[in-house]
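If you're matching them up, the sequences are chains L and R in order.
If you read the first sequence in this note's numbering, its first letter stands for residue 1, the second for the next number, and so on.
If you read the second sequence in this note's numbering, its first letter stands for residue 1001, the second for the next number, and so on.
Please keep in mind that the hints were generated in silico from the structure rather than gathered at the bench.
It cannot be assumed that every hint is accurate.
[Claimed, not checked] So the derived label-pair ranges between C-beta atoms look like this:
1. L:Gly130 - R:Ala1024: 24 to 32 Å
2. L:Val70 - R:Gly1011: 50 to 58 Å
3. L:Asp63 - R:Thr1002: 34 to 42 Å
4. L:Thr124 - R:Gly1004: 20 to 28 Å
5. L:Arg5 - R:Asp1096: 29 to 37 Å
[To be verified] Covered by chain L, per the in silico footprint, the following chain R stretches (three or more residues, Cβ under 8 Å):
6. 1019 to 1032
7. 1065 to 1075
8. 1080 to 1094
All residues carry an ideal CB built from backbone N, CA and C; glycine is no exception.
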Amino acid sequence: VPAERRGLERSAEWVAELGREARLTPSLAFRVELCLGEALANIVEHGFEGGQSGQIGLSFRADDEGLELVVVDDGSPFDPMSLPARASPRRLEDAEPGGLGVPLMRRFADSCSYERRASQNRLTLTWRRGAAGRNRGDAP
Amino acid sequence: MTIGSRELEDGIIRIDLAGRMDIAGTEQVDLRFSGITSTVKRGAVVDMSAVSFLASIGIRTLITNAKSLKLRGVSLVLVRPSPLVAEVLRSVGIHDIIPIFEDLESAVAAIKAAPRAAD
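Please work from the sequences and hints to get the whole structure.
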């Protein structure tokens, strides 16, 4: 898909449709959609500065154990996983409105990994079925 | 995404958000949201119960409006987010800076208990 707004919207629809076919629970579908949206928004916003156009490739694989989403783009090198963990602000006055996309991806995917290969960014996100809430420190 | 508002009592405005607070949805309500909050005198209660999806762009709008109200000494609180939307908010610590309530009555009571901004 093109690395621009309409590509972002098409991707979300495509993954939502695949999620329905893969019979994801509403919670898992929410997590996948959230992470995909944040990953794509990052690429569209930061990956192609200066009016460059680019492409984003997506692959989605689901089986009984879980699912894997791979997002590939040919934009500037950017490893979202290299960003330091962000401390939550204690006061509203100190809160920065932006920069929440990567923390959300880290929390809502069961694993996130990045590699730069053949001049492309490759972000791999995985989820295990039935694992919602685990590995995030907020399980009951 | 849709947004509506009405005065509950004594300068306290209820803002009803409905739909998906993703990029497209947030853009649909962003201007109106700031327009409404700019007129709030005592407090804003944002009813999140009909928000089915929340992305970082939506959180950005909530923080921006809460901060601009805070500068005027006015509170913004959230009420009744769905479990998944609440998980998004908590996961990035929003509950520490913007109070979240289970019901409207508690939200209104908290606003009324807060010191009034100097007129």
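Here's how the hints hold up against the structure:
Between Gly130 (chain L) and Ala1024 (chain R) the C-beta distance comes to about 31 Å, which sits within the given range of 24 to 32 Å. Separation of Val70 (chain L) from Gly1011 (chain R) is about 51 Å and conforms to the stated range, judged on CB atoms against 50 to 58 Å. Range check, Asp63 (chain L) to Thr1002 (chain R): about 38 Å between beta-carbon atoms, so the 34 to 42 Å window is met. A beta carbon spacing of about 41 Å between Thr124 (chain L) and Gly1004 (chain R) contradicts the range 20 to 28 Å that was offered as a hint.
A beta carbon spacing of about 32 Å between Arg5 (chain L) and Asp1096 (chain R) agrees with the range 29 to 37 Å that was offered as a hint. Under the rule that three or more residues need a Cβ within less than 8 Å of chain L, the assignment of the stretch 1019 to 1032 of chain R holds, with 3 such residues. Under the rule that three or more residues need a Cβ within less than 8 Å of chain L, the assignment of the stretch 1065 to 1075 of chain R holds, with 3 such residues. Residue count for the stretch 1080 to 1094 of chain R with a Cβ under 8 Å from a Cβ of chain L: 7. That meets the three needed, and the coverage hint holds.
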